[in-house]
Structure formats: structure tokens, C-alpha cells
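Place chain B on chain A using the hints.
Chains as they are written, first to last, in our numbering: chain A, 1 to 187; chain B, 188 to 469.
These aren't lab readings, by the way, just hints derived from the structure by calculation.
Mixed in with the good hints there might be a few duds.
[Stated by the list, open to error] Taking CB as the label site, the calculated pair distances span:
1. A:I156 / B:W417: 40 to 46 Å
2. A:P110 / B:L388: 32 to 38 Å
3. A:T111 / B:V377: 48 to 54 Å
4. B:L292 / A:Q164: 46 to 52 Å
5. B:L255 / A:R181: 57 to 63 Å
6. A:R181 / B:R263: 57 to 63 Å
7. B:K369 / A:P110: 44 to 50 Å
[To be verified] One-sided excerpt, in silico: chain B residues whose CB lies under 7 Å from chain A:
8. Q260
9. R263
10. T266
11. R273
12. L276
13. L334
14. S337
15. G467
16. S468
17. L469
[Stated by the list, open to error] Covered by chain B, per the in silico footprint, the following chain A stretches (three or more residues, Cβ under 8 Å):
18. 72 to 79
19. 154 to 164
Every residue gets a Cβ at the ideal spot worked out from N, C-alpha and C, and that includes glycine.
Below are the chains, spelled out letter by letter.
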Amino acid sequence: MNKRYAFLVDCDKCIGCRGCAMACKNYNRLIPEMTWRYVYPLAEEIYPHFERAFYSLSCNHCENPACLKACPVGAYTKRADGIVAHNPSRCIGCHNCVRSCPYGAPRYNPTARRAEKCSLCYDLIDAGRLPACVNGCVTKALTLINLAEFEETNAIQFPAGYPQKPELNPGTRFIWPRLPRQVRRQS
Amino acid sequence: MKPIIHPIRSYECSLVLFTVLSQMAVGGGFFLALNRWVPGSDFYSGLQYAANWGLVLLLIGAGLTASLFHLGQPWRAPTAIRNFGRSWLSREIVVFGLFLTLVVLNLLLSLMAATVLERTAPVASLLDYLALATAVIGLGGLIVQGLTYSPVSMPAIANFFPLVLFGLTALIGGGAVATPMKLGLDYGPVWSAGLVLYAVLLLALPGVWVQGGTAMRATARAWLGSPLYWAALAAASAAILISSLMPPAGYLAGLPAVASLLAGRLVFFGQTSHTAGSLGSL
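Isolated chain A (complex conformation) (with noise of 0.2 Å):
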């Protein structure tokens, strides 16, 4: 595979907007209750200040997607440029793909009666833009990146808080967020 779209999600810029989550719900006109993005605070016991560092999560895009061997259907195809793409018009909603994946991506739409995820926005990577919670992003802390030539030595694949499951190889890369220093003035 010469190419494969992943999402870089920077911790140390981010700053829990939601501003990506908000972009992709407006873009894919989700119902109110369903969001395809989700923002994680990170817990204390990982990153010692309260709401300040956190994982913006929707698919993964796994190498081994869990979604596509569950789903009875062969609703899930993966591309050639790495993006899992789900067929809505396949779905029979059996909950399957829900259960399987480790990072919550497919989300069960009651109204629709069918899984729903993150597609990558790959209408718009088609048409040579970015996706919608890129686009989104005040900070720059998410970025589309191709695996395939990504050489930033800092990004980690699985950081504390993310399910570690090589087996997957999912596509998602971090950047660890810095600790703040603390200056303590002299009385």
C-alpha cells in the first residue's frame, strides 16, 4: 500500500474544544444524539491536570479492521489508500461491529437501525480536501497524515488510555502532551 490516511491527533496541542467533533456532526448532518468524534479527557492517573490533556478518537482505520471481520454482511471495505469505508445501504444493523471494535468507532443509530462510523470524510480526501474535523481543528492539533511516508519519531501508536491491540494495527499516531512547569516565586 503506498499510501495510508491516518489521523495525527497532537495532546499537547489540543485543547478540548470539541471543535472537531462539532465539524464532523455538522458535516455528515448526524441526528443529535450520535457523534462519530469523541473527545477523551485524559485521567489524572495519566496526566496530572484535570481536563487538560485529551484523545480526539473516532475510527481508527485499522490495517486489520475488527469491524470488517465481524460484520456478517460485508458491509465494511477497506480501500487502497487505508480508509475503512462502511456501505450503509448493506447494513442490517446487528450490533456485531459495535460490539467487536476496542476503540467504540461504529456507533449503533436508532433511527437509522444501522452501524454508523467515521468514513475519513473520503468523499472530500477524494476531491483532494481535508476532512471535516481537520478542517475543524482551531489548533492544528489533528492533521491528516499518509503512513506510509510519516516520519515523526515523537508520534506513539498506543499511549496510556488507548486500548493496545497490534493485532489491529490501527492508524491513529500521538503526539504525548508536555507537562506545564510550575515556577514557585521566592517569598
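Chain B alone, transformed into the frame defined by chain A:
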């Protein structure tokens, strides 16, 4: 309006009914086949034999019907065999479809054998091999189910535990179903041993999970905190006590055993934690 973050736990009542009833049907079919192959047993049981297969058909039919209620679009259920090459769920549907077909064949042939066909050795042989094939396909169904319901996203059950649990369900449920079947076998000791193993497994597993990672520990806490878990253990204990004090205990032990299986399966689906429930924390 509450956002759908992730269904961390969901009781999945239709899957509870499907898995328990289908495994009871597999167990019932297994005992019927065993009854035909064990030397000395009555290989030709007339209308009673047909009625027995009718009972198995009722169980598998009810189970498969219940499974339809799990789908968001049940009218498109037949398309679920499309991904047979990759999906264990597709394979489960195919195998249990085959099991259902064989049960129907057993019922029809045994009805014909009891009414219109002559009692001959070839007819008896056909019944023997049809029952054997049904039992083998049923066992295959248990293996496929064990793989279907052990997703990588639920570390507590992403192992051989579901397969063992489902096998014990087939033994215990099948044994309970065999009570009205008037079989010539004394399966009481094996049945009781299966019940004891099931109770021990239920009791021991949270102790193992509590040593594991986040999702495993959450599962252990959820199971131990669930009234259904303790009800399943209590019902299993009652069944063990009754069957040991008054063998053969028949319905008196069978009913609490089935109640334990159902309660345990509700806990299995409803209280097993998913890794997505702890994103961002240890």
C-alpha cells in the same frame, strides 16, 4: 438528549434467548443421538422419538426467532450469510441453519418411521446417521458461537471461556430438556458434574479477572455487583443440591438449572466490559 457515547454494556435479551435456546437444542439433539448409538438402548422409539425431535425443533426455532429481534433490520436477515469467508457471525447463521434443517429432517423421518414406513434395519440406520450428523453439526455450532461471542474488544471473554460456557450450557440445558424425552440413558452423573463445573467457573472467573487490565477488572466488579450473577449461582446451587439429594430429580432440578443458565447469560452479555468504556483512563 443523551448522546450515544458507546454501549458499554447492553443486556442483549434477544441474544440471551438465542444462545441459551440454541445451545439447549444442541444438547437435546446430542442426547438423542447418544441414545441411538449407545449399545443396548432402544434404537426405535416410535412416536416418542418424533416428539423428542419436535421439542428440539421448538427450541431451535424459538432461538432463531429471538435472534431476529436483535437486528435493526430483521427483514434483511438472509443477507447475513454474505461474509461467510471472514465473519464468525455469518458462519454461525449458516451452521445453525443447517442444524435446523437436520432437526426438521429427523422429525419428518421419525414421524414417517413411526407411521407409514416398515420397521427395517436400513430405516433404523438412516435415523442413526441422521441423528449423528445433527449432533456433529450442533457441536460445530457451539464452536462457531464460542468464536463469535469472544470479541477482541472484551478482554475478559476474548478467550476460550465462551466456548466452555456454551458447551456446559448445551450439556446442562440439553440434560434438562432430555427429562421429558424418556431416554434410556442415565445421564444424571454427567449432568450433575456439568452443573458443578458451571458453578465453579462462574465463581472462579471474577477472581481471575480482578488481576487483569482495566476492562477485565471492570468486568469482575460488574459481575460481582450484579444481583443476576448471584441469582445464577444460587439457582445452580439449588439444582446441584436437588439432583444430589433426590436422583433422578427431573424437573425439580432442571428448572432451576435453566433459570441459572438464563441469568448467567444475561450477566455474560450485560455485565462484561468493553475496552471503549475506559478510553482515556488506565
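These are the hints, each one checked on the structure:
Hint check: A:I156 to B:W417, Cβ distance near 42 Å, so the stated range 40 to 46 Å holds. A hinted range of 32 to 38 Å for the beta carbons of A:P110 and B:L388 is consistent with their spacing of about 35 Å. The hinted window of 48 to 54 Å between A:T111 and B:V377 holds, with their beta carbons roughly 49 Å apart. Between B:L292 and A:Q164 the C-beta distance comes to about 48 Å, which sits within the given range of 46 to 52 Å.
Hint check: B:L255 to A:R181, Cβ distance near 60 Å, so the stated range 57 to 63 Å holds. For A:R181 and B:R263, the hinted distance range of 57 to 63 Å is satisfied, since their beta carbons lie about 58 Å from each other. Against the hinted window of 44 to 50 Å, the Cβ-Cβ separation of B:K369 and A:P110 comes to about 47 Å, which satisfies the hint. Hint status for B:Q260 relative to chain A: holds, with the closest Cβ pair at about 5 Å, below 7 Å.
Annotation: B:R263 was flagged as interfacial toward chain A, and the flag holds, the nearest CB pair being 5 Å apart, inside 7 Å. Satisfaction of the interface hint for B:T266 is found here, the shortest Cβ-Cβ separation to chain A being roughly 5 Å, below the 7 Å cut-off. Checking B:R273 against chain A: minimum C-beta separation of about 5 Å stays under 7 Å; hint holds. Hint status for B:L276 relative to chain A: holds, with the closest Cβ pair at about 4 Å, below 7 Å.
For B:L334, the interface hint is violated, the least distance from its beta-carbon to any beta-carbon of chain A being 11 Å, above 7 Å. Residue-level restraint check for B:S337 is violated (minimum Cβ-Cβ distance to chain A is 10 Å; threshold 7 Å). For the restraint placing B:G467 at the interface with chain A, the shortest Cβ-Cβ distance is roughly 4 Å, inside the 7 Å limit, so the hint holds. Taking 7 Å as the C-beta cut-off, the interface hint given for B:S468 holds, the closest approach to chain A being about 4 Å.
Hint on B:L469 holds. Least Cβ distance to chain A is approximately 5 Å, under the 7 Å limit. Check on the region 72 to 79 of chain A: 3 of its residues sit with their Cβ under 8 Å from a Cβ of chain B, so the three-residue criterion for coverage holds. Requiring three or more residues with a Cβ within less than 8 Å of a Cβ of chain B, the coverage given for the region 154 to 164 of chain A holds, as 4 such residues are present.
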